[in-house]
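Asker: Could you put the whole structure together from the sequences, leaning on the hints where they help?
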Amino acid sequence: MSDDKAARRAVTVFPVLVLVAGVAGLVTPGTFDGWTGSVPYLLGIVMFCMGLTMTPVDFRGVAKRPWAVAIGLVAHYVIMPGLGWAIAHLLGLPPQLAAGLILVGCAPSGTASNVVTFLARGDVALSVSVATVSTLVAPLVTPPLTLLLAGAYLPVDAGSMITDILKTVLLPVLGGLVVRLVAGKLVDRVLGLMPWLSSVAVAAIVCAVVAGSAGAIKSAAVTVLIAVVLHNGLGLALGYGAGKISGLGRPASRAMAFEVGMQNSGLAASLATAHFSPLAALPAAVFSVWHNISGAVVAAWMSHRSRREEPAPPVAGPAPRTAVTEEA
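Read in full-length UniProt numbering, the sequence shown has 89 at position 89, and its numbers run on one by one without any break.
I should point out that these hints are in silico values taken from the structure, not numbers from a laboratory.
Don't take each hint at face value.
Derived pair list, reagent style DSSO-like, types lysine-lysine, alpha-carbon separation capped at 30 Å [as the list claims (entries may be wrong)]:
id, residue 1, residue 2
1, Lys185, Lys64
2, Lys244, Lys64
3, Lys185, Lys167
Only a predicted model underlies this, so the values are computations on that prediction, with no experimental measurement involved.
Answerer: Put into structure tokens, the structure is as follows:
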């Protein structure tokens with residue numbers, strides 16, 4: 001019960017915090033001049049916190065169900081990049097926004113997907129496994145996918161992008177994991193602070209991104225919001241469908257929905273800012289707010305359906321009458 005309350009509090013407070021940060025960056029952009037250069041370091045904090053939450057159990061989960069994890073991984077890196085490219089074409093997005101949306105699709109799973117899967121009564125172990133693997137393989141997958149799909153819009157330096165992902169994602173995650181293994185008892189005492197520290201860091205990233213492109217946001221905000229809603233919504237639906245078609249069962253399909261539809265938008269914002277422009281990071285900033293709101297709503301709906309479909313608990317009282325008891 002306490003875990004459930006903490007998870008609900010997290011998915012309620014986090015979008016609000018990020019939204020407030022985005023509004024602050026939009027209303028007073030001059031206040032946050034110079035923050036753009038801090039985005040990679042802020043992302044490093046988020047990924048270090050993620051590494052601190054990992055345990056060897058997460059990796060044993062991958063070994064126990066490699067087929068299910070492989071399905072989740074392929075679905076994630078096929079569905080979301082493809083959707084980003086298709087939506088950019090469908091809406092005729094300008095090159096900066098199109099590249100930014102595609103980059104969001106090529107990012108690994110979102111850091112909040114595990115919490116939302118828990119609220120949806122999904123397969124949390126599978127969710128953690130897919131999120132972990134998608135993050136670890138991101139240096140090998142995200143840059144070439146971005147080059148393939150976004151290269152027609154803007155020049156993409158895949159080699160430099162690989163280096164940035166190694167520095168801002170893989171090394172912090174591995175560093176956090178090592179600290180957890182070496183000083184597990186100490187980390188356990190402060191583990192509850194990690195989600196909130198990550199939330200503040202992501203909010204600061206969004207604030208910096210919005211402030212850096214505040215002048216162009218008003219004209220592009222509606223188009224970007226439509227693109228992000230379509231991207232996230234179709235990702236959730238197709239992720240769930242991929243789980244069902246693969247015969248993984250309902251709880252695992254719920255996990256697949258969030259592992260496909262929720263992205264590491266902080267990484268996408270960081271890479272877009274470094275390799276494209278602050279405007280290209282706008283889809284990632286909007287996605288960061290929206291996918292947490294939609295994830296919480298979909299999780300609540302799934303949880304409600306799950307409770308309705310569960311068999312009713314047995315009623316205390318005398319045993320039901322049968323033909324045998326009647327004759328006795």
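Asker: Decide, hint by hint, whether the structure agrees.
Answerer: Results for each hint:
no.: 1; hint: Lys185 to Lys64; verdict: 27 Å, holds
no.: 2; hint: Lys244 to Lys64; verdict: 20 Å, holds
no.: 3; hint: Lys185 to Lys167; verdict: 27 Å, holds
Against the hints set out earlier in the document, no violation occurs for any number.
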